[in-house]
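**Student:** The lines below spell out each chain.
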Amino acid sequence: MPFNLLILACLAYVAFLFAVAFLADRRAEAGTLPWLRSPMVYTLSLSVYCTAWTFYGAVGYAARSGLEFLTIYLGPTLVFVGWWVILRKLVRIAKAQRITSIADLISSRYGKSSLLGVVVTAICVTGATPYIALQLQSVALSFSVFASDTPDGWHLPDRDTTALWVAAGLALFTVLFGTRNLDANEQHHGVVMAIAVEAAVKLVALVAVGVFVVWIVADGPADIVTRIDNSPIAGWQMVPGRWAGLIFLSAAAILTLPRMFQVLVVENADERHLTTASWAFPLYLAAMSLFVVPIAVVGLDILPEGSNPDLFVLTLPLALDQGGLAMLAFLGGFSSATSMVIVAAIALATMVSNHVVMPLILAFGERKGKEPGDLRRVVLLARRLSIAGVMALGYGYYTLTGGSGALAATGLIAFVGVAQILPAMLGAMFWRGATRTGALLGLCAGYGLWLYTLYLPSFGQGGVIPVQVFVEGPWGIGWLRPEALFGIDGMDPLLHAMFWSLAMNTLLFGLGSLLTFPSPMERLQGARFVQAFDQSGPASSWARGQAEAEDLLVMAQRIMGEDVALAYFQTHARVQGKDGYLPDITPDFMNDLERRLSGSIGAAAAHAMIAQIAGGAAVSVEDLMAVANETAQMMEYSARLEAQQDELTRTARQLREANEKLTQLSVQKDAFLSQISHELRTPMTSIRAFSEIMMDDDVPPDLNARYARIIHDEAIRLTRLLDDLLDLSVLESGTVQLSLRSASLHDMLDRALHAAGSTRPERAFTIQRDPQSEQITVTSDIDRLTQVFINVISNSRKYCDAGAPVLRIAVRRKGAQIRVDFIDNGSGIAKGSQALIFEKFARLTDSAQAGGAGLGLAICREIMQNLDGDISYVPGQGGAAFRVAFPMVLVLPENRRT
Amino acid sequence: MGKHVLLIEDEPNISEAIRFILTRDGFRVSCHDQGRDALEVVRAERPDALILDAMLPGRTGYDILRDLRAEPDTALLPVLMLTARGQGRDRELAESAGASGFMAKPFSNAEVLASVRALLGQA
Chain E
1 MPFNLLILAC LAYVAFLFAV AFLADRRAEA GTLPWLRSPM VYTLSLSVYC TAWTFYGAVG
61 YAARSGLEFL TIYLGPTLVF VGWWVILRKL VRIAKAQRIT SIADLISSRY GKSSLLGVVV
121 TAICVTGATP YIALQLQSVA LSFSVFASDT PDGWHLPDRD TTALWVAAGL ALFTVLFGTR
181 NLDANEQHHG VVMAIAVEAA VKLVALVAVG VFVVWIVADG PADIVTRIDN SPIAGWQMVP
241 GRWAGLIFLS AAAILTLPRM FQVLVVENAD ERHLTTASWA FPLYLAAMSL FVVPIAVVGL
301 DILPEGSNPD LFVLTLPLAL DQGGLAMLAF LGGFSSATSM VIVAAIALAT MVSNHVVMPL
361 ILAFGERKGK EPGDLRRVVL LARRLSIAGV MALGYGYYTL TGGSGALAAT GLIAFVGVAQ
421 ILPAMLGAMF WRGATRTGAL LGLCAGYGLW LYTLYLPSFG QGGVIPVQVF VEGPWGIGWL
481 RPEALFGIDG MDPLLHAMFW SLAMNTLLFG LGSLLTFPSP MERLQGARFV QAFDQSGPAS
541 SWARGQAEAE DLLVMAQRIM GEDVALAYFQ THARVQGKDG YLPDITPDFM NDLERRLSGS
601 IGAAAAHAMI AQIAGGAAVS VEDLMAVANE TAQMMEYSAR LEAQQDELTR TARQLREANE
661 KLTQLSVQKD AFLSQISHEL RTPMTSIRAF SEIMMDDDVP PDLNARYARI IHDEAIRLTR
721 LLDDLLDLSV LESGTVQLSL RSASLHDMLD RALHAAGSTR PERAFTIQRD PQSEQITVTS
781 DIDRLTQVFI NVISNSRKYC DAGAPVLRIA VRRKGAQIRV DFIDNGSGIA KGSQALIFEK
841 FARLTDSAQA GGAGLGLAIC REIMQNLDGD ISYVPGQGGA AFRVAFPMVL VLPENRRT
Chain X
1001 MGKHVLLIED EPNISEAIRF ILTRDGFRVS CHDQGRDALE VVRAERPDAL ILDAMLPGRT
1061 GYDILRDLRA EPDTALLPVL MLTARGQGRD RELAESAGAS GFMAKPFSNA EVLASVRALL
1121 GQA
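Sequence order for the protein chains is E and X. Each residue of the first sequence is one higher than the one before, counting from 1 in my numbering. Each residue of the second sequence is one higher than the one before, counting from 1001 in my numbering.
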């Protein structure tokens, strides 16, 4: 097998992949790529899980540890077969939230926290670095196998240089296809297509070697079984704890590995592809693992002692002079390594540029008037630099660790690392109570412990951590030894690290979440994530075209309103001659819908939304910028709407209040009318009865005179009632005309006392006054004010129940305010009634005694309000006490003066 | 000796008018002017018929009537309710409280006589 041919084949293969990716991208841009969106391509692209580690390393793993390599396949199989609902939810959430990476997922769920994005990115980069190194190592190893086979041909200077060339080549490929354009969904159709092709190549290669080994080298399956029985693998014992741990680890890895997230979630074109993947991917894994043990056994059997079992897939055909097969195996391994590195680099570059580089550029590189195109260049540059950086890190790790460790061990270190994201991720999807703080604490603790107990020790004792620390612990603290935390010694380092990091991670995540309160943003995102299935989405069993129309309808309904959108779709369906409400998705229909939607949300946004659902056309940064501009305008518009809305709400409240007041007034009016009716009918009853009596002839003259007097009195009572009512109505309407003049308070009180003297004139009433204090000139409506005084004094004369009634009148002047208190020595007004006395018809005793209709104090109150003053009852004065307060000089607005 | 009619009415003038009208027609009339102790007065006087004003100081006529109807002695006592509000609702209230008759103020003297006679089953 000439080495040059190998290089040539290698270059030809890469050129072929370029062509595939290029064509796929072309077709994707043209929007005619139905077969790229097929579930099979999706399933094949998932095989980036099978890296060089599984291609070469599984055989080595089997040769060293028997069937333990199976755990790496069992974990993902369990997830895909048993818990694909988790995957579906993950995809649904990612689509709904336009998640671009696992860091984006965590950051978005926990209130769009940029810090969390950085932490997850750090974990992913640290975890992926050994993994990428592993791929470089395997490619370098496989090259060296061929190089050693050519004694005088092209010689490998050393493996590191090979690895460097491979890293540089892969970086170039990734940059070319991973960052050709900026897709709003971070989808890379070309790359996915190339990955699918590579998946097929590696499966074919491994199966070919397997078939060769089983049926050509050995004598069929029976012979293989015999060989297994005679090999060291037969004596291998299963360690249950390690098995369970590894299965769990690989199950977690399928969810949290950045590259798996990329192909599984981000590159997913249709949620329903998962249905196919749920059985096809486990089948792929089974096919990949089918011949691992036979190859290992035969390799151990045939190849010389000390051969690297990690390379059996390659060295077996070579040893048996099967150059073509070896070439195929080499391309298989090459495919495994490159596909992993490319996808991982894309995924990591997305994270690094979105969560680290771009924020830094935007924060520090604040330049004036950046054009959208400018930003696009910056983003692309950030992506490319990130890819190069990730590759450099992988290469650095490879040279640091010497590239000597077994492939599988290196892979597992990465698994434990990325598994730290699992608690925060599951919490994000299933626990609304999970908070940013909890996630941050858990992730940091898990990350730290993983670094300390597994990652840094992987550089070898004395590599990064001094040997002394391994033996005695840091600062001599024994229970802090990296591989024996808390004195738990003798445990498998991997399980030890996995146990402590994940246990502390989960514990702190849970405690942190329980003890802190989520911010509104976290609550919102939490609800969206956890209830992802409640929100929207077609049932998975619907026919494809129909579901797409359904998607468009759901979107259109959100924008146009449910009924309008439905009617619109129905009309189009009818035009196409279809029953039901879903038309065929023709370009005409799409264009029409886009025009229709742009009326509501702007052209750019409409285009972007339709493009997203149609999946074909890419959304450019310009599109997004335009959307952002429109959004800003719409926000301004909606702010205006909100202001209007507020005003409407205010008006509505005022109307409601006015209405309540009217209702209340109406009730009061009814009660008032009913009272008036009573007050009018009572004297009328007497008048009518006595007048009828007097009309009869047989009434004695003395009685006749008495009855005439009663009729007269009742008529006067009626008149007074009507006067009071009219007075009150004028006062209440605020239209009363006041005539201002000045008078002495002393004179006013004299007049009032004199006028009130006609009330129960038979009673001897003692009046106490202080004439000195009454020497005040008041400017007001003197007659009205005097009317109030008369009323209060009359009331006292009427109701004071003391044997020797005394009324004290006290005048006090306070600045421009005057207070006149009228205090008698009766039993006063009961506490419960004090609030009532100023209401209309609030007569407390029966009317016969009072002789009024119970409007007096109500009128007084109205007068005092008109005079800018007040009348109130003063409790606790030993008798009934009324206080009349008013300004010494009343100033009236022009329209109230006569 | 004529039938005994008890009149509970707080307006003295109205009271006097009704007393005059009924006495002139041969009834024996006694008067009371407030609601608080009206029940005791009815029990003590045991009238043949009662004229009861709805709006009394102390206690409303409706309340007094309901209590009267609850007592076996006065459950069947003919009672004429007087009200000055003159609304349909008052008639309903009076009927539901158990009034035998109802009269709105102001009334004609003939009306008073006819009502009292009807109460006592006289033509």
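Incorrect hints may have been included.
From chain X, some residues computed to sit far from chain E (all C-beta separations above 12 Å) [to be verified]: (1) 1010; (2) 1014; (3) 1069; (4) 1076; (5) 1090; (6) 1102.
Incomplete in silico selection of chain X near chain E, CB under 7 Å [what the hints assert, rightly or not]: (7) 1011; (8) 1013; (9) 1019; (10) 1101.
Lysine to aspartate or glutamate pairs mimicking EDC-like chemistry, simulated, CA-CA at most 20 Å apart [as the list claims (entries may be wrong)]: (11) E:798 / E:750; (12) E:669 / X:1010; (13) E:798 / E:724; (14) E:798 / X:1010; (15) E:89 / E:229; (16) X:1003 / X:1025.
What the hints contain is simulated information worked out from the structure, not anything from laboratory work. Just so we're clear, the structure is a prediction, and the values are computed from it rather than from any experiment. Ideal placement from N, C-alpha and C gives every residue a C-beta, glycine not left out.
**Student:** Which of the listed hints are not met by the structure?
**Tutor:** Hints 1, 2, 5, 9, 10, 12 and 15 contradicted; others consistent.
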